[in-house]
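Asker: This is what each chain is made of:
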Amino acid sequence: MTSPKTQLVPRYLLLTFFALLVLLPVSGLFLGAFKTDTQLIQGPFSLPRTWNLDNFRQAWFTGRFNIFFKNSVIVSAAVVAASVFISVLMGYAFGLLPLPGKKWLFPLILLGYMVPFEAVIIPLYHFLDLLGLRDTYWALILPQIGLSVSFGTLWMTSFFENAPRDLVDAAAMDGCTRWQTLWRVLWPLAKPSVTTLVVLVFMWTWNEFLLALVLVQDETMRTLPVGLAFFQGKYTANIPLLAAGALIVAVPTVLVYILFQRFFIRGMLGGAVKG
Amino acid sequence: MRSNQAYPGENKWKGWLYLLPGFLIYLGFTFYPILETVRTSFYEWNGFSARRDWIGLQNYRVMFYDAQFTNAFLHNLIFILFFCVLPVLLGLLLASLLTRKTLPGMTFFRTVLFLPQVISMVVVGVIWRWIFNPQFGPLNILLKAVGLGSLTRAWLGDFALALPAVGSVGTWVQYGFCMILFLAGMQHISEEYYEASSLDGANAFQQFLHITIPGLRAEIGVALVTTIIAALRVFDLVYVTTRGGPGNATLVVGFLIYRSAFQQNRIGYASAVATVLMIIILAISLLIRRLQNGNEEAKE
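So the sequences go chain by chain: A and B. Per our numbering, numbering through the first sequence is continuous, rising by one, with the last residue being 275. Per our numbering, numbering through the second sequence is continuous, rising by one, with the last residue being 300.
The set of hints was computed from the structure by calculation and includes no laboratory data. Backbone N, C-alpha and C define an ideal beta-carbon position, used for all residues, glycine too. Take these hints with a grain of salt, some might be off.
For each label pair, taking beta carbons as the anchor points, the in silico distance ranges come out as [to be verified]:
hint : chain 1 : residue 1 : chain 2 : residue 2 : range
1    : B       : D53       : A       : R165      : 50 to 58 Å
2    : A       : R262      : B       : F208      : 27 to 35 Å
3    : A       : W51       : B       : G157      : 32 to 40 Å
4    : B       : Y60       : A       : T220      : 35 to 43 Å
5    : B       : L77       : A       : S27       : 32 to 40 Å
6    : A       : S27       : B       : A145      : 17 to 25 Å
7    : B       : G157      : A       : W183      : 53 to 61 Å
8    : A       : Q180      : B       : R289      : 31 to 39 Å
9    : A       : T50       : B       : G247      : 37 to 45 Å
10   : A       : V9        : B       : A145      : 24 to 32 Å
11   : A       : S27       : B       : A50       : 52 to 60 Å
Covered stretches of chain B (in silico footprint by chain A; criterion: 3 or more residues with CB under 8 Å from a CB of chain A, positions within the stretch not fixed) [stated by the list, open to error]:
hint : stretch
12   : 176-188
13   : 274-283
All chains, full assembly: derive it from the sequences and hints.
Answerer: Structure below.
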């Protein structure tokens, strides 16, 4: 048998190789955002001579990323707040409350978790048109809540099903209503599960593309990913400018990911995967 | 799922109040559209006229004889190789070589390997369009630098290479996820199995085949099905890298739905394609749940 020390080297080499394969393209994008066109061609992965913010300025003001950013923040905040609140209520009902008809209600919700956006986008377009909601924040918020709530309900149901029953019963003995039991007794325990749900729903909403592409035509209503896609169509060859725009889109989710990594990975390994 | 008892004197329908707000939004903006997609697939409709003609299964008939649909579906199947088979194999390779004990610095590697999963696919598209750029993309620059200038290509503009080029971006997004999933699963395999089999003279490869793979059965199931679904429903990546081109060389089902519905106004046809995609994805999703449940039963 070989000693553990000599086994470590090839393992780290392999890990480093796969990590570099991720890091090189991403850092190329990051560094490129600070360069000029010629600098980028001379050395894709070299450090920029000066940390020049011109590309960001141009994307932010001329490219209207300031507006897209505002739209993304409004839509994400609304979707996260509403989806998480609704999912907690639904998970509580499915997990701990008496619920006649639960057997057929639950699969109904499950269906929404499994279908892709492509399956609902066509009627959504016509339905929102009929309601006069196209080109409004509602067009982006309501369907996204509908789809987030499916996963959120499954996620919170499994938390409430496994919550300590003696605690729930003790609260009832002490005269707590179901509503009080939820918020005073269970909510503090639910925080890790809720945090995971918050970061996942935030990431999905922030990165969502098809809904925002189809349901919004007014340029001033675009979210960041759709704004970036059109920006790319306009400045195809100006890579540093595109890189700056792409960074504005990517930085918020990457920051949230790094800060809440533990919750994130737990959720993703729990079956919630990028679509 | 167990059913919960009402307390004495409690109205057993109270739980429905908790469901009400979520259900209204879900029914209106998810469930009704699902049914409506299926219904629309039996009509011919251009999306704006008041007239809709019931044509039964005609849209489905047209679809199965439509070279664009069969082509697009074939491309999705090829993407399964890139989004699923390659990442799962790479994940297993890494899992087989790492110890089951956590290595120092593993948190760093985990953070990095997961990164492509949290970045918008539009950003991923911007990155790789740059890398594949024929004039100043790092890939061609690298090939020239190492003396392989003859291999430089217009990767995304080449009829034969565009599909594998976009597919390899899918591999790039998914492999870290598979690696982390399998490494997490390895923590649950008892060290005793490996020790016992070592005493019996099993080599590393035999251990991998007879202990690691069966021990990761649930994780492999999750990885297979989720990455297969990612390959079948891919849209954003194709939209930002190639828009299905050159020609229809990277056309996929998701993009065909978008193009038919919102650029060609063939609403009924697009709905039929969407219905077929939905049924395939539902079937695969149900399979994953059966795999997971089957595994839980096996543990008990």
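Asker: If a hint holds in the structure, say so; if it does not, say that too.
Answerer: Hints, one by one, checked against the model:
The supplied range of 50 to 58 Å is met by D53 of chain B and R165 of chain A, whose beta-carbon atoms lie about 57 Å from each other. Separation of R262 of chain A from F208 of chain B is about 29 Å and conforms to the stated range, judged on CB atoms against 27 to 35 Å. For W51 of chain A and G157 of chain B, the hinted distance range of 32 to 40 Å is satisfied, since their beta carbons lie about 33 Å from each other. Judged by the Cβ atoms, the range 35 to 43 Å given for Y60 of chain B and T220 of chain A holds: they are separated by roughly 40 Å.
With their beta carbons about 34 Å apart, L77 of chain B and S27 of chain A fall inside the hinted range of 32 to 40 Å. For S27 of chain A and A145 of chain B, the hinted distance range of 17 to 25 Å is satisfied, since their beta carbons lie about 18 Å from each other. Distance hint for G157 of chain B and W183 of chain A: a CB-CB separation of about 58 Å, consistent with the stated range 53 to 61 Å. A hinted range of 31 to 39 Å for the beta carbons of Q180 of chain A and R289 of chain B is consistent with their spacing of about 35 Å.
Separated by about 43 Å at the C-beta atoms, T50 of chain A and G247 of chain B satisfy the suggested range of 37 to 45 Å. Roughly 28 Å separates the CB atoms of V9 of chain A and A145 of chain B, a value that falls within the hinted 24 to 32 Å. Under the hint 52 to 60 Å, the C-beta atoms of S27 of chain A and A50 of chain B, about 55 Å apart, fit the expected range. Interface restraint, the stretch 176-188 of chain B with chain A: holds (6 residues with C-beta to C-beta distance below 8 Å; minimum three).
By the rule of at least three residues with a Cβ nearer than 8 Å to a Cβ of chain A, the coverage given for the stretch 274-283 of chain B holds, with 6 such residues.
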